[in-house]
Amino acid sequence: MSAGTPLLGVEHLTMRFGGLLAIDDVSFEAADKKITAIIGPNGAGKTTVFNCLTGFYQPTIGRLTLHHPKGDFLLERIEGYRIAKDAGVARTFQNIRLFPRMTVLENLVLAQHNVLMRASRYTFAGLLGMKVYRDAEAKAVELARYWLDKVALTEQADWEAGNLPYGDQRRLEIARAMCIEPTILCLDEPAAGLNPRESAVLNELLLFIRDEHEIGLLLVEHDMSVVMGISDHIVVLDYGRKIADGTPDEVRRDPAVIRAYLGEEDDEELPPEVARDLDELR
Amino acid sequence: MAGETSADHTPIDAQELFKEAGATALVVFALCFSLVGFKTEDVPGGLDIITRFDDVLVATALAFIGRAALVLLRQGYPLPVLATALPVTILLIVLHFSDAVFSTDTAAVLKRFLPFGAPVIDWLVTILAAVFAIRAAIARQRAGSTMTTEEREKAMDRIGARVQRAARILGPLILGFAIILPFLPMADRRILDIAILVVTYIMLGWGLNIVVGLAGLLDLGYVAFYAVGAYSYALLAQHYDLGFWVCLPFAGLMAATAGIILGFPVLRLRGDYLAIVTLGFGEMIRIILLNWYEFTKGPDGLSGIPRPTFFGLPFTRSPPEGVETFHSFFNLAYSPTDRIIFLYYVILVMALATNLFTLRIRKLPVGRAWEALREDEIACRSLGINPRNTKLTAFSIGAMFGGFGGSFFATRQGFISPESFTFIESAVILAIVVLGGMGSQIGVVFAAILLIGLPEIFRELHQYRMLAFGAAMVLIMVWRPQGLLAHREPTLHLPERPPDAPRVAGAAK
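Protein sequences, first through last, are from chains W and H. Residue numbering for the first sequence follows the numbering used here, beginning at 6 and increasing consecutively. Residue numbering for the second sequence follows the numbering used here, beginning at -12 and increasing consecutively.
One or more hints might be untrue.
Stated by the list, open to error - Simulated DEER-style distance windows between Cβ atoms:
#, chain 1, residue 1, chain 2, residue 2, range
1, W, Glu84, H, Lys6, 55 to 63 Å
2, H, Ile247, W, Glu84, 15 to 23 Å
3, H, Leu254, W, Phe129, 54 to 62 Å
4, W, Phe129, H, Ile156, 46 to 54 Å
5, H, Leu346, W, Ala143, 15 to 23 Å
6, H, Val107, W, Gly167, 41 to 49 Å
For the record, the hints were derived by calculation from the structure and aren't laboratory data. Every residue, glycine too, gets a C-beta built ideally from N, C-alpha and C.
So that you can see chain H by itself, here it is in the shape it has in the complex (with noise of 0.2 Å):
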C-alpha cells in the first residue's frame, strides 16, 4: 500500500502503470470490440450493421486513464491524478448543463465533446471522475496515503452504530413523515403510488429479513410466498366471495405452510445449495401458476380481484343499489385518490405490523436461536437447540408475510398473472435486505427507498436502470460485504448495567 513519506521520492514506476494500464484497455478493447462496435438497426427493408468503432476507443482511452490513475493512487500520487479528474470532472458537468448556460446551438456543439452521446453513459463517466478526484483529495489530504479497508470498514462501523442509534429518533421521524405523507401538497397520485411500493419492498424486506437477515438461509425464492399470498387471496375472494380482511390471515396461512414443505426437504442444507433449491422453488410455484389452467387461469391470470373495503365501505363512485359508499358515508366529495390513500395506510400498518412483531421476536427464545443458528448451527446442535423447528420457524414466519405482502398486491392490482412473480421480484428484495444490512430494519427502509424509490423517480432511465442496480450490487459487495448499515443491537443485557456500556474490546481500555 502506498502511505509511507518516502512514496513521494520514489520515481512513478513507469513501467508498471503502462502495463496494468495497457492490459486494462486491452481487455476493454476486446470486450466492447463486438459488443459496442457492432450494432443492428432496424432500416427499411430489414436490418443493418452500423458500427460505432469512435465509441470504442474512447472507451478504450477512458479505460488506459482510469487504470492509470489508479496506479497512480496507489504508487502515491494523488497530485497528477487531482489535477486531471477535478477539471475533467468539472468540464463534463459543464457540458451536461450546457443547453442551461449557453444557447441551444453552442450547447450543441458542446455536447458533442461529451465522451460518449449518450445520456446516462455520460453521467456515469462524469461520476467516475468525480470518484477519481474525491479519492485523489481524500488521498492528498493524508500525505499520499490512502484509506486502507480495515480503517472504512471500522469507520462504516461506526457510521452504522451512530445510525442504528439515531434510529431510535430517526425511526419516529420517518414513521411521522410516512403517516402525514398523503396530506402533504406534493402527494399527487403518482407519489402515492411510489410510497405504496417503496413500502410493500419494505415490509417484504422485513419479512424476509426473517429468513436471511436473522436465520441466515440464504432464500432466493421469496416470491414464491408472495405470489402463493396473492393467489390465495384472488382465488378465495372469486371462489367465496370474502373480503380482503378476512382472506389476509388465510393468505398468511398458505403462504406459511409453503414455506413448511419448502423447509422440510432443504433442512439439510446450507449456504449456496440451499440459495439454489429456493431459487428452484420460486420458478417451481411460478410454473406451477402459469401451468395448472384449471385453476389459475395460467397466463390469463386473474382478474377482478376485490378491492379492500373501509369497514365494509368501498371506494367507488357509483356503487351498486343500496351500498353505501365511504365518500357518501363520511359525507365527502368522490375522489379517486381516497381509495390510494387508503391503500397506502393498509401497507404502512401491515408493514409496521411486520417490523414490530420482527423487533418483539428477535428477543424471544425463538429470535435469538434464528441468529444463534446463523452463527453455529453445531453449537445450536450441543446447546439442545432443535435445528430443525427453528429453520421451520424461520421459513413459514418470512413466507407468512411474504403472503400478507402478496394478498396486498392482489387486492392493490385488481389482477395477478405469473407475470408478476419472476426471479427479478426476489433478487430485488433480497437486495434490499442486503444492501441495507443484514438483519438492521432500519437498513431495509433506506435500502427500499434507495432500491425502489429512485429507479422509480427515474424512470425515463429504464433500460439502463438494471444495470446501475447490479453495479450498486457489486461495489457493495466490494465495499461493504455486510451492508450498509450492519450493526448488531444485542437483545438483552444484564439488569443494572446501563444499556449503553462499552461492548467492544477497544472501547473498554
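So here's chain W without its partners, still in its complex pose (with noise of 0.2 Å):
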C-alpha cells in the first residue's frame, strides 16, 4: 500500500450495470499530498470508479472513505452534490464541462458559490449590498485571479470559455476545481487532446498543486508520459478488477500489468498507439 497518510480509501468497490460489471470488487488507498494514478486499457472502469467517488453513480457494493480533517466522509451514502460542498471532493470531466457562455472569472467564482451564499446570507445581505457581502466577492476575486495567473489565464479573464483554446480551457476546468479548496482533486483524462508541450505544462501545475497546496490528487490517465513522470503511486484496472497497484517502478515492471496492456504474448500485431504506450511503460 502507499505511503504517506492515507486520504482515499476505497473498499470492495462494486459498479453493476444490469448484468454487466463494469468493476468487481476494487480496493485501494490514494495518500495525502500524493498524486495517484489509476490507469488500464480503454474500458476497465477507470471512469466509472471515479463517477463512484464523486457521486455520479451510486455504488452496488463497496465504501468510499474521505479522511477529511473535519472528519470521515462516507462518499457513498452522501449526495453528490454534498460530495463538493462538504466533503471538498473536485472533480474535472474528460470532455470539459465548462459554463461555454460565461466569462473565464465567472467559471472560476461560480466554484465558489457556496462560500459566498453564506456571505451574502442566502443573498439577502447581497441584496441589500451590504459590505460583508462586498468583502467576500472582492475576495473570490482575488482567489480567481490567483488561479488565473497560475494557469496563465490573466488576459482572458473576460472572455466567454467557450471561445478559449482547448488547452486553455483544460487549464481553466483544473482552477475552477480548484477554487473549490477542495481536499482531493479528481482529474478525468487530464491530458487528453493535449500536445506535449501543453501536456509538460499539465505535469508542472499538477505537481505544483501537490506541493504547494499539498492536497491529494487522483487521476485517471491514459497518457503515459503523464502518469509516469508525476505519479507517486499507480493503480492498475482491468476489465474491471484491479491487477496492480504500487510505485511506477513496481507497476512498470508487473507481468499482469504488460500482459494486460499486451495481450497474451501477442506481440506481432500491435497498433502503433498500443506499442507506443508500452515502449514508455516499459
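Join the two chains into one complex using the hints; note that each chain is given alone, in its own frame.
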C-alpha cells in the first residue's frame, strides 16, 4: 500500500450496470499530498470508479471513505453535490464541462458558490449590498485571480470560456476545481487532447498543486508520460478488476500489467498507439 | 451557396428551377385546394358552400413565382428577381393606396387587380415582394452573393451588443418617456390602457425571464402563477376586506409557494419534458379555478374586486359618506382618467422593481448559479452547487413576480374569471422572452411593445393577429433562435480592468 497518511480509502467497490460488471471488488488507497493515478486499457472501468467517487453513480457495493480534516465522510452515502460542497472532492471531466457562455472569471467565481452564498446571507445581504458580501466577493475574485495567474489565463479573464482554445479550457477547468478549495482533486484524463508542450505544462501544474497546496490528487489517465512522470502511486485496472497497485517502477515491471496492455504473448500485430504506450511503460 | 463570380457565367439550371418551383406550387395547391377552395357561408335557410378556385390558382401561381425567385437568388441571378419584384412591389403599393390617388371608381377597378382582395393577405404578399426585392438588391450589391448565416449571426450579435451598450442611455430614455407618458397630449384613455397592458406584460416578461432566460427552465405554465396571484388578491380582499397593498405581498407569497409546489416534482426534468409538465400545471390551475365552485365561483368569476387606493384615498366620483377621495383631497376636479394614470404608475413601479431585482440578483451567487445551471447542470453539481435549491429559487422567485402581476391584473379589471388565464397568455409571455433574447432585459421591453402594443394598435386585423404572431415566431426561430437582442454582459470583472476590454477571441488579437 501507499506511503503517507491515507486520504481516500476505496474498499470492495463494485459497480454493476444490469448484467454488466463494470467494477469488480476494487480496493485501493490514495494518500494525502500525493498523486495517485488509475490507469488501464479502454473499458477497464477507470471513469466508473471516478463517477462513484464523485457521486455521479451510486456504487452497488463498497465503501468510499474520505479522511477529511473535519472527520471521515462516506462518499457513497452523501448526495451528489455535497461531495464537492462538504467533503471537498473536486473533479474535472474527460470532455471538459465549463460554463461556455460565461466568462473565465465567472467560471472561477461560481466554484466559490457556497462560500459566497453564506456571505450573501442566502441572497438577502447581497440584495441590500451589505459590506460583508462585497468583501466576500472581492476575496472570491482575488482567489480567482490567483488561479488565473497560475494557469496563465489572466489576460483572458473576460473571455467567454467557450471561446478559449482547448488546452486553455483544460487548465481553466482545473483552476475552477481548485477554487472550491478541495481536499482531493480528481482529474479525469486531464492530458487528453493536449500536445506534448501543453502536457508538460499540465504536469508542472499538477506537481505545483500537490506540493504547494498539499492536497491529494487522483487521476485517471491514458497518457503514459503524464502518469509515469508525476504519479507517486499507480493503480492498474483491467476488465473492472485491480491487477496491480504500487509505485510507477513496480507497476512498470508487473507482468500482469504488461499482459493487460499487451495481451497474452501476442506481440506482433499491435496497433501503433498501443505499442507506443507499451514502450513508455517499459 | 452562391457567391462565386463564376455564377454569372453558369447558365440558369432551368431543370432545378422548374422542379423546385413546381413542387412548391403543387404543395400549395394541395393545401389550398380544400382549405381555401371551399368556404361555407350562411345563407337564408342554412349553409351553402361557395368555391374560391380563383384564389387557389393565384396562391399556387404566387408560390411558383416565389420559389423560382428563391432558386434564382441561390443560383446567383439577383437581377431578374430584382427586375420583377421591385415593379411588383411598387405596383401593389400603388394599388393599395389607389383610393388616395385616383377617384373612387377608378380605385375600385384598380383594387380588383390586387391578388386576393383581402387586405391583410394582400399586404402580406406586398411585404413578401418587398423582401424579395430587398434581398435581390443586397445580393446584387455583393456581386451575386447572399449573406451567409454566419455573417448574419455575427452582424446580429454586434447589433445585440450595441443595443445592450446603448441600453445604458436608452434605458433611462425609455424610462423617462414612460414616466411622462400620461401627461403627453396624445395620452388619451385608449393609449393609457394599451400602455398599462404593455407594461404589465413587460413585468411578466421580466419575471419569466428569471426562470427561462437565466435559469434556462422552459416554463409553459407561467400563467398559473399569474392566476394564483390574481385569485389570492381577489379572495383575500373579498373575505378579509383587505386592501391592494396589504394583499400584494401575500399574493406574491402564494404564487411563490405554488412555484415551489410545481418545482418539486419537476426537478429532474429538463427541456421538452419540463415544458410539458409546466404546461400541464398551467392547465391544472385553470381547471381547478373553473371547477372549485364554492371557493372560486368557477366560470362565474369573481367580481367587485376593490380598486387600489392612493394611500387610502379612493378614486371614485361619489364616495360613501365620510370617505375622502383622491380628487377632493387634492382639490382637483374629478376625472376618470386619474385612476387610470394611477394604475399606470403602479404597474410601472412594480415592473421597475422587478427589473432592479433581476439586475441585482444576476450579480449575486444565486443569479450566477441560475445561469450556470442553464449552461451545465452536471458541472454545477461537481462544484457543490445544489441544483435542487437553485431551481426552486428560480421557480419561486419567477412565480412571485407572476403573482404580483396577477394581483395587479385583478385590481385593474375588477373582475377575474378562469377565462383570463388560458394557455395563450403563457405563450405570449414566453414569446416575449424568447423574441427579446433570453436573459436580455431590454429585449423584453422591445418584444412586449412589438407583441402587445402593435396588435393592440392594429386591433382591426383581429383574426389575423394570431397568424402574424405565429409567423413572426417562426421567422425568429429560423433567423435568430437566440432572440433579437441576446447578448450577455458578464456579471463581474477583475478589478483595475476597464469593463469594455476585449472579451471575444477575435477582438483580442
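Check your understanding: At the C-beta level, are Leu346 of chain H and Ala143 of chain W separated by a distance inside 15 to 23 Å?
Key -> With a Cβ separation near 20 Å, Leu346 of chain H and Ala143 of chain W satisfy 15 to 23 Å, so the hint holds.
Practice item. Could you tell me whether the CB distance from Leu254 of chain H to Phe129 of chain W stays inside 54 to 62 Å? Key: violated (24 Å)
Practice item. Hint says 15 to 23 Å; check whether the CB-CB distance for Ile247 of chain H and Glu84 of chain W agrees. Key: Check passed, 19 Å falls within 15 to 23 Å.
Review point. At the C-beta level, are Phe129 of chain W and Ile156 of chain H separated by a distance inside 46 to 54 Å?
Key: For Ile156 of chain H against Phe129 of chain W, whose Cβ atoms are near 32 Å apart, the range 46 to 54 Å is violated.
Exercise for review: Mind checking the hinted window 41 to 49 Å against the Cβ distance between Val107 of chain H and Gly167 of chain W?
Suggested key: Holds, at about 43 Å.
Point to revise | Assessment of proposed distance window 55 to 63 Å (beta carbons of Glu84 of chain W, Lys6 of chain H) | key: holds (60 Å)
When held up to the earlier numbered hints, the structure conflicts with 3 and 4 and fits the remainder.
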